[in-house]
Structure formats: C-alpha cells, structure tokens
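Residue numbers (my numbering), protein chains in the order written: chain D, 1 to 339; chain F, 1 to 366; chain S, 1 to 236; chain X, 1 to 259; chain R, 1 to 303.
Do not rely on the hints blindly, as some may be mistaken.
[Unchecked claim] Restricting the straight-line Cα-Cα distance to at most 30 Å, the calculated cross-link-like pairs of lysine-lysine (BS3-like) are:
1. D:Lys338 <-> X:Lys249
2. F:Lys49 <-> F:Lys2
3. F:Lys353 <-> D:Lys84
4. F:Lys269 <-> F:Lys353
5. F:Lys299 <-> F:Lys355
6. D:Lys84 <-> F:Lys276
7. F:Lys171 <-> F:Lys345
8. D:Lys84 <-> F:Lys168
9. F:Lys224 <-> F:Lys133
10. F:Lys97 <-> F:Lys143
11. D:Lys214 <-> S:Lys54
12. F:Lys355 <-> F:Lys366
13. F:Lys269 <-> F:Lys49
14. F:Lys320 <-> F:Lys97
15. S:Lys197 <-> D:Lys214
16. X:Lys192 <-> D:Lys338
17. D:Lys214 <-> D:Lys84
18. D:Lys84 <-> F:Lys49
19. S:Lys197 <-> X:Lys249
20. S:Lys54 <-> S:Lys156
21. X:Lys192 <-> D:Lys214
22. F:Lys133 <-> F:Lys353
23. F:Lys269 <-> D:Lys84
24. F:Lys168 <-> F:Lys143
25. F:Lys133 <-> F:Lys97
26. D:Lys84 <-> F:Lys35
27. F:Lys224 <-> F:Lys35
28. F:Lys303 <-> F:Lys35
29. S:Lys197 <-> D:Lys211
30. F:Lys143 <-> F:Lys133
31. F:Lys137 <-> F:Lys224
32. F:Lys198 <-> F:Lys366
33. F:Lys304 <-> F:Lys353
34. D:Lys84 <-> F:Lys277
35. F:Lys2 <-> F:Lys35
36. F:Lys276 <-> F:Lys49
37. F:Lys353 <-> F:Lys168
38. S:Lys197 <-> X:Lys176
None of these hints come from the bench; they were simulated from the model.
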Amino acid sequence: MALLASLMADGFQKEPALDFAQFLQNLLNGLSIGSVYAIFALGYTLIFSILGIINFAHGAIFALGAYLTFTLAVGEFGINGILKNVDLFPGVEGGSPIGFPLALLLGSLLAGLLGVLIERFAFRPLRARGADPLLALVSSLGVALVLVNLIQLLVGAEIYSFPSTIYGSLPPAVRFDVGDTPIVIRTVQVIIFVVSLVILLLLGYVIGRTKIGKALRAVAENPATASLLGISVDRYILITFFLSGFLGGLAGTLVSTSFGISGPYFGVTYGLKGLAVIVLGGLGSIPGAVVGGLVIGLAEAFVPAQFSAYKEAVAFAILFVILLVRPQGLLGRAVIQKV
Amino acid sequence: QKVATPIEIGVAVAQTSNVALLGQEQVIGARLAEKFFNNQGGINGTPIKLVFQDTGGDEAGAINAFQNLIRDGVVGIVGPTLSQHAFAADPIAERAKVPVLGPSNTAKGIPQIGDFIARVSAPVAVVAPNAVKQALKLDPDIKRVAVLYAQNDAFSVSETGTFQETAKAQKLDVVTVQKFQTTDTDFTTQVTAVLGAKVDLVIISGLAADGGNLVKQLRQLGYKGLIIGGNGLNTSNIFSVCGRDCDGILIAQAYSPQQSGAINQVFVKEYRAQYKKDPPQFAAQAYTGVQVFVEALRKIDRKKKLNTWDLDDLRAELNKAILVGSYRTPLGVISFDKEGELNQKEFYVAQIKMKDARNGSFVFLK
Amino acid sequence: MALLELDNVSVNYGAIQAIRSLSMTVEEGEVVTLIGANGAGKTTTLRAVSRLLKVREGRIVFRGQDLTRLAPDAVVRLGIAQSPEGRQVLARQSVQDNLELGAYLRGDRREVVEDLRRMYERFPRLGERRHQLAGTLSGGEQQMLAIARALMSRPKLLLLDEPSLGLAPIIVLEIFTIIRELADQGVTILLVEQNAKLAMNHSARTYVLEAGSITFSGPSARLVNDERVLHAYLGG
Amino acid sequence: MTSDASGAPILQARGLTRRFGGLVAVNNVSFEVRRGEIFGLIGPNGAGKTTLFNLMTGLTPPSGGALQFEGRDVTNAAPHRVASLGLSRTFQNIRLFRTLSALENVKIAQHTRTSAGFWRGIFGADRAEERAVSEQAWELLDLVGLADRAHELAANFSYGDQRRLEIARALASQPKVLLLDEPAAGMNSAEKSVLTTFIRTIRDRFDLTVLVIEHHVPLVMNLCDRIAVLNFGELIAVGDPASVSRDPKVVEAYLGAEA
Amino acid sequence: MDFLQNYGFLLATLVQQALLGLSLYFPLLSGQLSLASPGFYALGGYVAAILLVNPAFAGLRDALGNWTFVLTWLVAGLICAVLGLLVGIPALRLRGIYLALATVAFVQILQYVALNLDVTGGAVGLFGIPQAFGFQDRWQYLLLFLPLLAVTLLFTRQLERSRTGRAFRAIRDDELAADAMGIPPTRYKVLAFVIGAVLAGIVGAMSAPFLNTWNARQGTFDASIAFLAYVLIGGSRNMWGPVLGGTLLAALPEVLRPLQDWRLVINGLVLVLASLYLPQGLVGLFTRRRAPSARPAKAEVAK
Ligand SMILES: Nc1ncnc2c1ncn2[C@@H]1O[C@H](COP(=O)(O)OP(=O)(O)OP(=O)(O)O)[C@@H](O)[C@H]1O
Ligand SMILES: Nc1ncnc2c1ncn2[C@@H]1O[C@H](COP(=O)(O)OP(=O)(O)OP(=O)(O)O)[C@@H](O)[C@H]1O
Ligand SMILES: [Mg+2]
Ligand SMILES: [Mg+2]
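Same shape as in the complex, but just chain D:
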C-alpha cells in the first residue's frame, strides 16, 4: 500500500504534498466505505459458501439486529407502529437498564437465533426434499418481505439513531496532517474497519485451519457424501445460519451507529451491493468478501468528482468487467471439472 502510495505521489510531481494527501484521504475513505460493504457481505457469503444459495433475508436480519440492539439499548419506539405506546422498560429513567455493549451482544445473539429459525422453517424443508436450490432463494425473499414489513408494522418507517454517547468519549473523527493538508476519518468508520478485520481473521482461522472448517467445506460441496463421513450436515448448517445471523446483527448495529437506522429497508439497500461484493471477491470465499468490499469501496472513493453521477454504476461496471476476465471472482477458485 505504502509503495503504491509513493508511486502515486511520484506521478504528481507538481504538488506532491497535496496530491499525496488527497490520495491518502481517498484511500481511507475507500477503506471505510469498503469495510461496511465487507462486514455486510460476510454473513451473506457464509451461507452461500455452505448452501450455495443467496439468503435474501440477510439484509432484513442485518436491519433487525440494529433494531433489536436499539430496542435493548434505548427502549423507545416512534409514532407510527403498533408498538408506539409500549414502554419496554417502564419506570427506568433514560430508556434502558442495560448498556450498549450488552445490548449489542444480546441483539446480535437474537439475530443469530432468528437466523436459526429461518433455516429451520424456510430452508430445511426445501433441502430435505432435495428441491431446486433456486427455490430457497424465493423462500428467503419471502422471509425478507415478512421481516421488513413486520418491522414497519411494529415500529414504523421512521429513522432511528443511536445516541452519540454509546462510544463513550471518543471524538467523532480522527485527524492528522500530511504536509499542510488535514486528513480526517470518522471514528465510527475506524471501529467498523477494525471489527470487520477481526471477524475476518477469526472466521478465516476457523474455516481455514480447523476441522470445523474442513467439515463445513465438505458439507458445502456434497451434503450426502459429508453425511457418509459422519458429518452432521444439519447441525453444521444450523451453526452457519446462527453465525451468519449473529454477524449480520452485529454488523447492522455497528453500521447503524454510524448512519442511523433509516427505516425497515435499511438492510435491504445493502443487499444488492453486498451481492456484488461477494461475487466480485469470489463466492464462498471469506477473504473474498472483504477484498471485494474494499475493492468496490476504493473504486467508489476514487471516482473523480465530475463523474460522481456514475459512482453507483462503477461498482457494477467493475463487477461486470472482472467477471468477464476472471469468471470465478477475485479470490474464488475456478470450478475444476474433470471428465
């Protein structure tokens, strides 16, 4: 990275300090945007890697995690949903008796549990029947529709935001100077970046280095054969859904501490971008999800201002081009077929 940066700086000899600062700022922006995409995509890719299907409900779980944590941490609802007059913690001053970290943990666990329920009721019956895997896609779409509209029914379409106090006394932004130019990045972004890296490393370790990972890969490739080796397919799938839900909930909450929960469709809007991310990175590849997220984030950050109208298209243009050059995605493994 540093080398690349210095190369770029050399390229702009006239005003090296300024342009290097600009570059650095864009780089940081890209990483921060990308880590949000990545953290969303992780849970997506987990389920894809084992079942080979896209869980469209992931966006809803992502949002629901945020709502759950919010409920536990703040305990207050808006003006339009069924729950508008319900006081969750009657008599407790300042909303909730539990602090943000505990709420985050509980909220994420609940989201994980929701993942398990979804597996049990919307996916397993299809698997048991050996149905067209695409049907699972429709089923998860149905689940997403149910969840999103239930949220809207319960708490309305309003925007909720975590109070800025949840991260204690951390300043809103980190800043330092390069030459005379200040470089700034929001603290929340740094937190998200770090968390997604930690999760990546953990997952990478579990899946790449342990027996669990090996078993998961076996289940992913061929459930019948895996079961013939004594691997409990259902249990592993359940664990995967729990993990995916947990990560989704956690990610949703973290992201919403940065951007607020902008309504029940909050998570769904990430859905498509998240899909692009995991396909770009290589389906089923955990590091791929992170690399894909960062690549798209960086690409968006480096779109010149006069083309900002096409910023959104950039992600998909990259996706399209990369797929044509490297059909298995950046870190995906080509499907080998021997005849």
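Following the hints, put chains F, S, X and R with the ligands in place on chain D, whose structure we already have.
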C-alpha cells in the same frame, strides 16, 4: 350512480415500501384533517370519510390504488406521494374525470396532466431561492458554494437546478457539484471533495435519511460553514439522523409550524398532542389536500345537497369549485390557477436549533 | 446375534419398488458378498443401510440397534463406513483432506496421522498426489481414494460398492489383499462386486440379488460352483 | 470383418502432449488408428488414457502435438466440432443428461445429423425430420435393450444400465469413430461377454472404428485388433494382443501377477 | 364492462407480468440464470417513450399515425436483440449465480445511464406518453398483451418441440456433455438469451403507454427478483409456470389489499409457503403427468 354518505374522499399514498417514511406522515396529516373537519360538522352536517389505498413504491401500485378509489366512488383523491407515481396514476383519474390534489408532487408538468389534476405542493422553483438569500443575509462574505443532490430523486434533481441558478444569480461561485443516491449512507467521498474545495456554503437537496447523514458527516469531518437543506430535509425526522450536528441548517420551507393562521395552530396543537413533535410538511400538505376538498364540497353542498348529486356530475363540479376558491390552510392562504397549479403566498426559511441530541426545532427566520 | 441384520426391508424410489422384503444377515467378522445383475438393487441395499435412502418397510438392525430412524451421520458414528458407487470423492478438496475427513469422527489425532501414512504406503499413487484436488484424479485414482477414505474411519462394518471398478488388475489384487487383512483384523465387510468370482473367493457367504429380492444365498464356496449362479453371473 | 478401406489411418496422433502444472499426463504420444479396427487402450490407473480421449474429442486442449482425423487437422477443434466431424464418445464418469429421459438423451445426440434450424422448428416445418429422429432413437434403445424404459429419467438407471444408455447415445450421432471409456465397468462377467459381442456387432453394422479403454484384460485381448499401452503418459507399446501381452514392459507396468 | 373498467389495469398487468416471467424462462430453458430481463424491459420502454414523446420524432409520428406504436415494438425488439447479442456473447461464459450477477450488473448500469441522460428525462423520467391506438381505458391494453402472450406461448411450444428446444435442454442438463454431443453451447445460449431480451423489450415498449410514464425505476433489481420468483413459484420446467406464477404473484398484493397493513407480510408468507409446499411449482397442481408419447407404430413394425 348517486353520491354515498358519508362523503368519501380517497387518499392514495405510499404506506409501504421505502417511500413509506413520507407516506405515513401524509396518512397522519389526512387523518387529523378528517377528524378536525368532522368535528366541525363535516360538509354542512354530512360527515366525510377518508378511504386509504396504499400505492406502494411503484407506478403500477399507484395506478391500482387510484383505480380502486375510483371504483369505490370517492369524490376526489389526495395523492400520490411521488411525482413519478403521479405521472402514471393521474392520467387514470383524468380520464375517469375524478379530481386529484397532489399533496407532494413538485415536479414540473403535474397540473398540466389534465383538467382534473391540481396540487397543493408548491413547485420547487418558488421555494428554494429564499434560503440562499437568507444565507447571504446571515453571512454576506459567502463566495464559494458546494452543491450536493440525490440524483435518483426527482424532487431533489429539480430543486438543485433552482439552487444552482439562484446561486449564480447571486454571483456566487459554484465550485463543486456532487451527486449521491437517496439510498446512500456513506458520504465520505463527497464530503472530502467538499472540504477540498474550501467552500463557505453547502447546499443539499435530498431526503431526510441521506441528507441528515450527509450533514452529520460534513460536520464530523470538520466542515464549519453554513449548510442549506432543501425541502426534503424539512422534517423533524432529520433530528434523529444528524443529532446535534443538525444545528444551524437553513431550510427553505413551503410549510412552517410557526405559520400563524388559526387553522395551522389547531393542526400543530393536535399533532403535537399526539406525536410530541412538530408536524412535518408532508403531514401539513396532506391535511391541506383534505381541507381543500372539504371546503369546495361545502360550497357545492350549499347550492345543492350533496346526496342529491350524481357522482360524475359532482366530481366535475367539485373540480371546478376547487380551482376557483381560495383557502386558509396550514400552508397559509392558497389558491389555484386555471391549470391547477398552486398559488402559495407564504414561504419560510427556518434554522434548526437542537435542544439535545434527539430533539430540536425549526426556528423561523425573518 | 448377527452384527447387521436386514429384516424384510423394502425401499422405493417414488412409486418404483427397488428392493422388496429383503432379509439378510452379516455376522461379526464375516466377509459377505452381494452380487446381482445391473439394476438388481445392490447399491440400493447399501444406501439403505447407510440411511441415504428411506426404508419403507422392515428394519435394519446393527448390533441390536435399529438404524431405520437414524440420520446418516449417526450411522457412521456407530461404526459403519461405505465406499459408495460413483466414488463420491469431494472434488474440490485435496486428496489429503478427503482422507482426513474420512477420519472426521476420530479423536486420536496421532493414530490418524499414522493411518494416513499407511494409506499412502498402500496406494503410492495417492501419496504422490496428496495435494492434488480429488476432482482432477483419474477414475481409478478416485476409486482408490474412496476406498482409502472409508478405511480411515476404522469402521466395524465396511460397505464396499464395487471396489474394483475402474482399477487396473494390479490394484484390484491389492484391494482384495486389503479385504483379507481387514477380515483377519476382525472388520466385518459387506461387499458388492461384479468381479464375482474374485469376491466369492474372498468371502464366507454370498447373497444373490435379482430384481430386488434375494434368490440364492449360502456359503460362497458352494455358490461359486452352483450351475445357475455360474451361468448368470460368472460368465460360464 | 474389416472393410476394404482397412489399413488406411482414420485417426493420427503426432506427439500429443498434455501437462497439468508440473504433471505430464500425456507425453509425446504418437499412434495411428486404422479405419474399421477395434483399438484398445490400456495402462495403469492414471496413465493418461482418459486424458488422451479428452484430447482427441476436444474437451482438453493439448499442450503440444497434433491430431488428424480423416486427414483433417482437429488439434484444437471445439468438442462440438469434433463431434460433428464424426467422433463420438462415452465417459468414464458417466455424463448422461440426467434429468432427461433415456429417449431424449438419444434424440439429442442426433443433433449433428439433423439440420432443422430455429425457424423451421418454430413453423413446424421439421415434421419429417422429427419422425426420423424419433425412429432412430427407438431403434438404438432397442439395440441396447432399454426401449421398454425409454421414458425413464437417465438418473434413475442403475450404473450398468447408464453405461448402456451412454453407448446408445454415442451411436446416435452416427459417428465414424466411437470412443468407449471403460464400457464394461460395473458389468459382471456374463454381461461383459454380451458387451464384447455387442461392440463387434455395432462395428460391423455401423461401419465404425472403435477405441476402447478397458481394464478387464481378457475382454481387451479378446475384443481388440490392436492395443496401445500407456504408462505415466508415455506410449510403451502398440501392437496386436498377443505381442503386447508378451511385452515385458507391459507385463511389468500393467499386467503384473495376473498375466 | 364495469368489471373491465374497474379491474382492467390489474388484468392487463397480470398478463404483462406473465410475459415478463416468460422472458426469463427462455434463458432458463438453456440453463442460464439470467436476470437481465428487467434491463431489456426498461430499455424497450425507453425506446417507445422516446419515440412517442420526443419532439425530434414528431414528424415521424404524424406520418405514421397509429403505426408509430407498431414501430416502437419493432425498434425496441431490434435494439434489445442487438444489445442482447453484445452482452450475451461475453456474459454467457459465466454460470449460475455469476451469470445472474453479471446480468444484474448490466441492469444496474443501464439504470444509472438512464438516470443521467437527457433523452430519458433523468430522475423524473418521461411522461405524458400518448395512448396506443387512442385507447381510453387500461383494459384495452389486454388487446395488446393477450395476443402477444398467445403468440409467445405458441412460439414457446413449437420451440420446445423442435431440435433447437432439445439442444436447449441438453445444455441446461449438462453443458459439457452437450458440447461433446455436437451442440455448440455458446450459440444456443446466446440464442435463448436474445429471445428473452427481445420479448422483454417488446413488453417494455407496450408498457410505456400502458403506465403513462417511464423512468429509471422501471426494471430494477427488485423486478429481477420478482420475475425470478414468478418462474420458480410457477414452475420452471413448463412454459405455463411463468405464466401462472406471474399472474398469481402479481395479483397477490392486490388481492390482499383488504388486509391493509398486513398485506405485504402475508404476501411474504405466501412466497415462503409456496416454495415449501409446491415442489413442482404451481403448474404441478394443474398438470397431471402426461402419459409419455407411445412408441411410433412404424418402429414397432420394424422390430
Ligand atoms: N434415483 C433413482 N430413482 C428411481 N429409480 C432408481 C434410482 N436409482 C436406482 N433406481 C432403480 O432401482 C433399481 C436398483 O438400482 P441399483 O442402483 O440399486 O442397482 P444395482 O444392483 O446397484 O445395479 P448396478 O450393478 O448397475 O450398479 C434399478 O432398477 C434402478 O433403475
Ligand atoms: N485437470 C487435471 N489437473 C491435474 N491433474 C490431472 C487433471 N486431469 C488428469 N490429471 C492427472 O493426469 C493423470 C492421467 O489421468 P487420466 O484420467 O487420463 O488417467 P487414466 O489413464 O484414464 O486412469 P484411470 O484408468 O484410472 O481412469 C492422472 O494422474 C490425473 O491425476
Ligand atoms: Mg450399483
Ligand atoms: Mg480414465
């Protein structure tokens, strides 16, 4: 077909989909109007009844909602929420000769869809310039301006056009124009560009969630100058998005809770009593839509009792009556021109003042 | 009591009955051969024991425990391994990963490593290719892998579905050597084999399956000389 | 038994080579197959037999060397092109159209021998051709003894029956050269001897040249006119069954104790 | 007549959605999970809308009268065919979800282009689109959509019966084996893709006047997924599947209107239940397994 009692007025707005944030405020506004006018005795003794149909988020949903209302025999329709939906659904009402009042359709060309189409939402071009002038009043040294807008939102796109023209007319230098999507959450790229351009005024056209996030990120990353928010930010929903960082945003308003008319004060009081915040513009405009129907119907009823009318005749008559009248509404005194375009006298510029991280108010500026 | 007992087992594919009221037993430590023409239901029988197929009627009892309600992985846990028809190697995993997954249920890490070494000794080809993806192996190499993988679990009962399929003659002999050795160690083996003569020479008893039912059964030494069996399966 | 064209090479391989990373699966292999003969290909597991078939049918591009079919260069031709020229094969790991019926499997393979284009099909101007396709499909199923199960899905057939269906499918494209990759795998001795007769019959009836990969030595010796032996990707012997089975290199590499 | 007045739009929408479901069905016939249909639908709509409202074409419109509408269908179909070829040839090297996502990317790119061009009216879109053949009521669009559906179904039936249809099925089942059997996969996959593109484009061209307006929100990712649901819930192995699926799923939210706030929740539940309990899709409920065609008599004699 005879006119049924109570008199049914249709409301077709987006109660679901990601437009619901706006739609649900319109439902609230319309409901408050229904209650208020029925307490006043409705149409000279005959109560009104609002019939709600969800347009959802797409054009087909809007057409379906309109068709359902027309079939159910409403005398007129308040709706839909978005201009794009209006372009799809209004022609249906026009052909069925059912009067429509657009509560929030601000794009160019809406009243021109037909004789039966009018709106209570002022077109963008007349609202926006006030804010720029106000900003210059607050800080005459402003020279360099950054303009940002949500390119996928029809309203924001036309609003930003007005903003940019006004800025140029005021001899300001628009140094950067940045686009985003209403679904975006991360604006660090745009903010960096703005900071790099060293501007002393930022003008944002977007909706509450994206606009609020943009403001928050501008402030957190160190922008210190004035911010003008377009009409999409004109809602207390924004408070929970940018929190304390909302403080100081200038907003051009087509509606202000501080409008002094008696009916507005009643409306604001009612709304506050129920929802513990000031009513947003979307609620006020929906309220106004219902009010205009009610008052026009009252006029007709005085000449000839409503329940003696044939429905089709009444709809035609109602359309005529709407266009000739003048109304004291929460938006102030309004009337319509021949095409159905709104004549609104009062526009406002407010500045956001935050009490704490979640509550604030729009303070009316002279 | 028999180690494995199939008691009036019927298995269906949809409406088609593939095996009907099939009864057979395998005693502890015994090698039993199952032969029959293509489509007779041999594979179906083995898949039913491993619970990859639903048993429609009857019971399959292993060491006194009814298997018919268990999940496939639970069956493996009881000590039944299968080298399936069509090899079913995990194509996207390396040879070594396939073998290690064969020992998935074993906790004795050190022994597993030792067994791995032994497998590579038996099948030098696999040793050379330990890091190659299993899907790119040649047909015969995959067959060796499938058998070795089944052995890695150190089963009490080993189900082999046509182990010699696609193997060169030398390797076929190696396989039967292994079968004999395992039998000597007390492992019970149920063997489905088209190479009937060879299989019967290595087994105590033989069942002959025809259109889903057992038509002959008895000591292999006797059946191998039986006119009717000779004619139908041993190519005269 | 062999026709008058016997002796003329129909297929010529010159220095065919295929590498997979560091592994040379097929190494500089040259041989000729004569029109009308039954040509056996044997060798230990992993010797490169299947890979050689893949090179000949265009499924794997060669790393080097050249291949000629009826004097035409087909070294880098796509599989469908090779097929339409008249080379047809079965697969070691059976590749039937599993979710389609046996009948459809056989009909599909007549693609290269029929001509109805898109529009002719849409306007129903392909009736006569369709009738012929269907008739031939039934005949071929008869030939392999699966006609009474024509409407069953291919996936539902047992292993041995799937092999038969694959042969019928390969025949349906009316090939000049038929490549069979372990056709007898999964068949018992009785079935194997039926198969031997069957291969001879179709060779005569359809004027075929046949290449067979097979591990069952008696079958190969009995069936083939000539045999090539591969070991570690290299061709170590070519010749008639008797001479090959006496070749010490072959005995050492392949036949082992059984010989 | 009243019925048509009241429910005409809905009915026409159902047929329209059935057609869009079919447009996805074609690539699926050759095993390609393409979600590009909404893109071609949007493109077709824009082509028609531009031809019908842009002042540059005023002279053409005057000269052609009602034939302008026919022209819009042809032009839309043609442009979609060309674009389908251009996108299809490189994209169809991809498989499964990768292909699906590449086509989604294509749809998204089209959408952002539409959002930024002047001829497409930017975010507001194009409006005031004249009514086809002077139609007054929405139900009259049934007069366009129904015949198109009939023709498409007839076309599909013939296609599936033919040699081309067989080649599609072979590729769907096993591309490599099909290739080895002499079927050039790329050519047939592109053909299937283009047929879908053309159909979607024509439906788009008919829909622009039908919806009165056209904007960049037509043909989004949501639409891609909706169309896919039509096919899968309806039944992906039978041309009646997308028709039934499209019709019923498009009708569902409207039928559920009386449930008010709960309607979309229930709608979602129905989707889940349908995928769980209709293994063959909706068509599975209606079609008994047809007795397979018996062996032709002649062959029997020959034996
Ligand atoms: N998935 C399936 N669906 C329907 N029928 C099936 C299925 N699998 C097998 N069959 C049928 O069940 C019967 C028994 O098949 P099975 O595979 O057990 O035979 P087999 O004895 O193993 O034959 P082979 O020697 O050819 O492997 C056959 O008639 C076969 O067609
Ligand atoms: N795609 C590939 N990648 C790496 N190695 C490969 C690949 N395909 C084949 N090989 C290797 O090339 C060698 C030759 O394989 P091939 O399938 O041709 O053998 P074969 O002679 O047909 O053996 P068998 O009799 O066991 O079928 C094998 O050792 C195999 O592992
Ligand atoms: Mg078998
Ligand atoms: Mg081979």
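For the pair supplied as a hint, lysine 192 (chain X) and lysine 338 (chain D), is the alpha-carbon distance within the 30 Å limit?
-> holds, 26 Å
CA of lysine 84 (chain D) to CA of lysine 277 (chain F), is that 30 Å or under?
-> Holds, at roughly 14 Å.
For the pair we were handed, lysine 338 (chain D) and lysine 249 (chain X), check the Cα-Cα distance against 30 Å.
-> It holds: about 29 Å lies between the C-alpha atoms, which stays within 30 Å.
Hey, lysine 54 (chain S) versus lysine 156 (chain S), does the alpha-carbon distance stay inside 30 Å?
-> Given that 30 Å is the threshold and the Cα spacing comes to 23 Å, the pair holds.
Proposed proximity, lysine 143 (chain F) with lysine 97 (chain F) (alpha carbon, max 30 Å) = violated, 51 Å
Quick one, are lysine 197 (chain S) and lysine 249 (chain X) close enough, alpha carbons at most 30 Å?
-> The given pair, whose Cα atoms are some 28 Å apart, holds under the 30 Å limit.
Keeping to a limit of 30 Å between CA atoms, is the pair of lysine 84 (chain D) and lysine 168 (chain F) held or broken?
-> Between lysine 84 (chain D) and lysine 168 (chain F) the Cα gap is close to 46 Å, so the pair fails against 30 Å, i.e. violated.
Holds or violated: are the alpha carbons of lysine 269 (chain F) and lysine 353 (chain F) at most 30 Å from each other?
-> holds, 20 Å
Quick one, are lysine 143 (chain F) and lysine 133 (chain F) close enough, alpha carbons at most 30 Å?
-> With a Cα-Cα distance of about 13 Å, the restraint between lysine 143 (chain F) and lysine 133 (chain F) holds, given a limit of 30 Å.
Is the Cα-Cα distance between lysine 214 (chain D) and lysine 84 (chain D) 30 Å or less?
-> violated, 48 Å
Mind checking the alpha carbons of lysine 224 (chain F) and lysine 35 (chain F) for me, to see if they're no more than 30 Å apart?
-> Roughly 45 Å separates the two Cα atoms, so the pair is violated.
Would the pair lysine 133 (chain F) and lysine 353 (chain F) pass a check requiring their Cα atoms to be no farther apart than 30 Å?
-> Distance of about 20 Å is within 30 Å: holds.
Of the numbered hints listed earlier, those contradicted by the structure are 5, 8, 10, 15, 17, 21, 25, 27, 29, 33, 38.
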